[in-house]
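Fit chain B to the supplied structure of chain A, relying on the hints for placement.
2 protein chains.
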Amino acid sequence: MAKIRVVVAGYGNVGRGVLAALKNNPDMVAVGVLSRNPDRVRKSFNEIPVMQIADVDTWLDALKPDVAILCGGSKDDLPIQGPALAQRINTVDSFDNHSRISEYFAAMDVAAGKSGHVSVISTGWDPGIFSMERVVANAFLPGSRAYGFYGLGESGGLSMGHSDALRTIPGVKDARQYTHAVSASIEKVRSGENPEFTPGDMHTRECFVVLEDGADQNAVAETIRTMPGYFAPYKTEIHFVTQEFLDQNCAGFPHDGLVVAAGNTGNNHSARIEYRCIWGSNPEATANVLVAHARAVSRLADEGKCGAFTILDIPPAYFSMHSKEELLKKFM
Amino acid sequence: MAKIRVVVAGYGNVGRGVLAALKNNPDMVAVGVLSRNPDRVRKSFNEIPVMQIADVDTWLDALKPDVAILCGGSKDDLPIQGPALAQRINTVDSFDNHSRISEYFAAMDVAAGKSGHVSVISTGWDPGIFSMERVVANAFLPGSRAYGFYGLGESGGLSMGHSDALRTIPGVKDARQYTHAVSASIEKVRSGENPEFTPGDMHTRECFVVLEDGADQNAVAETIRTMPGYFAPYKTEIHFVTQEFLDQNCAGFPHDGLVVAAGNTGNNHSARIEYRCIWGSNPEATANVLVAHARAVSRLADEGKCGAFTILDIPPAYFSMHSKEELLKKFM
Numbered sequence: 001m002a003k004i005r006v007v008v009a010g011y012g013n014v015g016r017g018v019l020a021a022l023k024n025n026p027d028m029v030a031v032g033v034l035s036r037n038p039d040r041v042r043k044s045f046n047e048i049p050v051m052q053i054a055d056v057d058t059w060l061d062a063l064k065p066d067v068a069i070l071c072g073g074s075k076d077d078l079p080i081q082g083p084a085l086a087q088r089i090n091t092v093d094s095f096d097n098h099s100r101i102s103e104y105f106a107a108m109d110v111a112a113g114k115s116g117h118v119s120v121i122s123t124g125w126d127p128g129i130f131s132m133e134r135v136v137a138n139a140f141l142p143g144s145r146a147y148g149f150y151g152l153g154e155s156g157g158l159s160m161g162h163s164d165a166l167r168t169i170p171g172v173k174d175a176r177q178y179t180h181a182v183s184a185s186i187e188k189v190r191s192g193e194n195p196e197f198t199p200g201d202m203h204t205r206e207c208f209v210v211l212e213d214g215a216d217q218n219a220v221a222e223t224i225r226t227m228p229g230y231f232a233p234y235k236t237e238i239h240f241v242t243q244e245f246l247d248q249n250c251a252g253f254p255h256d257g258l259v260v261a262a263g264n265t266g267n268n269h270s271a272r273i274e275y276r277c278i279w280g281s282n283p284e285a286t287a288n289v290l291v292a293h294a295r296a297v298s299r300l301a302d303e304g305k306c307g308a309f310t311i312l313d314i315p316p317a318y319f320s321m322h323s324k325e326e327l328l329k330k331f332m
Numbered sequence: 001m002a003k004i005r006v007v008v009a010g011y012g013n014v015g016r017g018v019l020a021a022l023k024n025n026p027d028m029v030a031v032g033v034l035s036r037n038p039d040r041v042r043k044s045f046n047e048i049p050v051m052q053i054a055d056v057d058t059w060l061d062a063l064k065p066d067v068a069i070l071c072g073g074s075k076d077d078l079p080i081q082g083p084a085l086a087q088r089i090n091t092v093d094s095f096d097n098h099s100r101i102s103e104y105f106a107a108m109d110v111a112a113g114k115s116g117h118v119s120v121i122s123t124g125w126d127p128g129i130f131s132m133e134r135v136v137a138n139a140f141l142p143g144s145r146a147y148g149f150y151g152l153g154e155s156g157g158l159s160m161g162h163s164d165a166l167r168t169i170p171g172v173k174d175a176r177q178y179t180h181a182v183s184a185s186i187e188k189v190r191s192g193e194n195p196e197f198t199p200g201d202m203h204t205r206e207c208f209v210v211l212e213d214g215a216d217q218n219a220v221a222e223t224i225r226t227m228p229g230y231f232a233p234y235k236t237e238i239h240f241v242t243q244e245f246l247d248q249n250c251a252g253f254p255h256d257g258l259v260v261a262a263g264n265t266g267n268n269h270s271a272r273i274e275y276r277c278i279w280g281s282n283p284e285a286t287a288n289v290l291v292a293h294a295r296a297v298s299r300l301a302d303e304g305k306c307g308a309f310t311i312l313d314i315p316p317a318y319f320s321m322h323s324k325e326e327l328l329k330k331f332m
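Protein chains in written order, with the working numbering: chain A, 1 to 332; chain B, 1 to 332.
So here's chain A without its partners, still in its complex pose (with noise of 0.2 Å):
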């Protein structure tokens, strides 16, 4: 069978990741990289074509490829890209600012509908596996409510947009934010009384800081510790630290996290649902989940299917390389 022909948009954390998982799924292959600057990414990386990802003509005639796996961030990139890629081929994302993706979501819907194209979007482990998990969570314990935890490990989560935050602080050289769950909340729920909790109630904030020449340590502490959303609902922990030790202990990008549900069933038994993942890339499972996900918008558009899906419009079998006699036997 021929293999699915991808395209990686974007050569970041995750578009590295998804070139790595591609290996790891012998029914994929990567063509090509699409880059705004095709010339730095090559000095880096060389196996396969790098294009510029606004040459749509030159790439599709290229590379042929079936399905392009968008790596781009939430803020500037996909919203844009997506819509304008959705028209040509298509595609897969991890669009991940949940507040907007119905908005994205009816976008993609109109571009890749009216071109035949499939578009799944935000997905990865949230959005993407969590939200697949509140939804069946909640089906199968009607009237629970699914909360969900990250950095639940000794060290917490490493929050890239916490991090990314701190960095814009002046006086701030360089920065990592830690998230940790509350275990005493996590307790209450899986006690099934689906409690109400603020955003402070569920996770505390760990910032490692390095500070610039002469910043005024306690100035900026201020400000982080005020930050609207960020970390003013917060408990915020600040480290103030060398480059030397944010280099050598907060390298990497851990995270993990925890969707439970818990009540009852019909007569008053009580149950509880919990999904638990632990990685030691963030990228790494983002990417990850993208490319289980290429192999469904391939089965998808090869049904005659068109315009924009999410994991929950997806039969899980579409995620996987066996075939259907296999899941029967293998995995029922």
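Derived by calculation from the structure, the hints in this document are not laboratory data. These figures come from a predicted structure and were not determined experimentally.
Label pairs and their calculated CB-CB ranges:
{"id": "1", "chain 1": "A", "residue 1": "N268", "chain 2": "B", "residue 2": "M321", "range": "16 to 24 Å"}
{"id": "2", "chain 1": "A", "residue 1": "I48", "chain 2": "B", "residue 2": "P228", "range": "51 to 59 Å"}
{"id": "3", "chain 1": "B", "residue 1": "A184", "chain 2": "A", "residue 2": "T58", "range": "54 to 62 Å"}
{"id": "4", "chain 1": "A", "residue 1": "G252", "chain 2": "B", "residue 2": "H322", "range": "34 to 42 Å"}
{"id": "5", "chain 1": "A", "residue 1": "R190", "chain 2": "B", "residue 2": "N46", "range": "31 to 39 Å"}
{"id": "6", "chain 1": "A", "residue 1": "M160", "chain 2": "B", "residue 2": "D164", "range": "52 to 60 Å"}
Below, a list of computed lysine-lysine pairs in the DSSO-like style, where the Cα atoms sit at most 27 Å apart:
{"id": "7", "chain 1": "A", "residue 1": "K188", "chain 2": "B", "residue 2": "K329"}
{"id": "8", "chain 1": "B", "residue 1": "K114", "chain 2": "A", "residue 2": "K329"}
{"id": "9", "chain 1": "A", "residue 1": "K75", "chain 2": "B", "residue 2": "K329"}
{"id": "10", "chain 1": "A", "residue 1": "K324", "chain 2": "B", "residue 2": "K305"}
{"id": "11", "chain 1": "B", "residue 1": "K329", "chain 2": "A", "residue 2": "K305"}
{"id": "12", "chain 1": "A", "residue 1": "K330", "chain 2": "B", "residue 2": "K305"}
{"id": "13", "chain 1": "B", "residue 1": "K330", "chain 2": "A", "residue 2": "K305"}
{"id": "14", "chain 1": "B", "residue 1": "K305", "chain 2": "B", "residue 2": "K114"}
{"id": "15", "chain 1": "B", "residue 1": "K235", "chain 2": "A", "residue 2": "K330"}
{"id": "16", "chain 1": "A", "residue 1": "K324", "chain 2": "A", "residue 2": "K3"}
{"id": "17", "chain 1": "B", "residue 1": "K75", "chain 2": "A", "residue 2": "K330"}
{"id": "18", "chain 1": "B", "residue 1": "K305", "chain 2": "A", "residue 2": "K114"}
{"id": "19", "chain 1": "B", "residue 1": "K324", "chain 2": "A", "residue 2": "K75"}
{"id": "20", "chain 1": "B", "residue 1": "K188", "chain 2": "A", "residue 2": "K330"}
{"id": "21", "chain 1": "A", "residue 1": "K114", "chain 2": "B", "residue 2": "K329"}
{"id": "22", "chain 1": "B", "residue 1": "K330", "chain 2": "B", "residue 2": "K23"}
{"id": "23", "chain 1": "B", "residue 1": "K64", "chain 2": "B", "residue 2": "K23"}
{"id": "24", "chain 1": "B", "residue 1": "K114", "chain 2": "A", "residue 2": "K305"}
{"id": "25", "chain 1": "A", "residue 1": "K188", "chain 2": "B", "residue 2": "K330"}
{"id": "26", "chain 1": "A", "residue 1": "K324", "chain 2": "B", "residue 2": "K75"}
{"id": "27", "chain 1": "B", "residue 1": "K23", "chain 2": "A", "residue 2": "K188"}
{"id": "28", "chain 1": "B", "residue 1": "K188", "chain 2": "A", "residue 2": "K329"}
{"id": "29", "chain 1": "B", "residue 1": "K114", "chain 2": "A", "residue 2": "K324"}
{"id": "30", "chain 1": "B", "residue 1": "K330", "chain 2": "A", "residue 2": "K235"}
{"id": "31", "chain 1": "B", "residue 1": "K188", "chain 2": "A", "residue 2": "K23"}
{"id": "32", "chain 1": "B", "residue 1": "K305", "chain 2": "B", "residue 2": "K64"}
{"id": "33", "chain 1": "A", "residue 1": "K305", "chain 2": "B", "residue 2": "K324"}
{"id": "34", "chain 1": "B", "residue 1": "K305", "chain 2": "A", "residue 2": "K305"}
{"id": "35", "chain 1": "A", "residue 1": "K75", "chain 2": "B", "residue 2": "K330"}
{"id": "36", "chain 1": "B", "residue 1": "K305", "chain 2": "A", "residue 2": "K329"}
{"id": "37", "chain 1": "B", "residue 1": "K75", "chain 2": "A", "residue 2": "K329"}
{"id": "38", "chain 1": "A", "residue 1": "K114", "chain 2": "B", "residue 2": "K324"}
We put the CB at the ideal spot given by N, CA and C, even for glycine.
Structure of chain B alone, referenced to chain A:
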């Protein structure tokens, strides 16, 4: 919107759980119970009509059901009842003989397919949710194996099948069997070793047995320990107890389980996925899952689909009572 009209075939533990679960799903309504012995059922249940399951034309005409939830046993009931009823109505069942699922799927696919009905087979928590979790874990972490462990809590999980097996032994008056997961083996899987296990490596079995007057305790113990498949491959602990002890300490049907897969993402970063559920009542948990699948059956039928399906063939959104818009906004 009209409610989905459900008939419940069988009034055992699962059937009663389905009737209770339907009350928590406002888009569905139980319109009747089907039984081989309606008079016996009516002695304890009169809320809705109880009808003879063999009189298919009569109850189809009187109750106008959209879906039948089949709550019979996998050994004797479903292999006959499933294909017979799938020719007349949309069905969902929890056929749980793992080694014969392919064969049952084929029979149901023919029966439902040629009559234009939808039959979702083999759903509950295992097979069912756990099957789905095995497939997605394997798809998102290619090369990893998804392991199933049962009875992780202190008291273990009550196995109906093994309890029934104990009760077939001459000299045994009553019995319960609790399955226990071997913690050290779970830790091996979590470490990413993807180990090879024999069944006895993963679980132990604990039996509470009430003897008939004058039965030979040693002979019964020997019969248990050497019973092929059920106990011979496992470390088995046997407690001989009184009926009073059993009634007081072994009531109810608690069960729990874990699907766990561990491996690496692209550049050799560790990755682990775990799905855990803990049920106060095993048959009520199965019932809750069956009811959510009855909703999916109704949607698949509305789309004009027909034939047999498993949880692997169904988009997760089909299980939810929430609209597509609500799911995009609140669950993604």
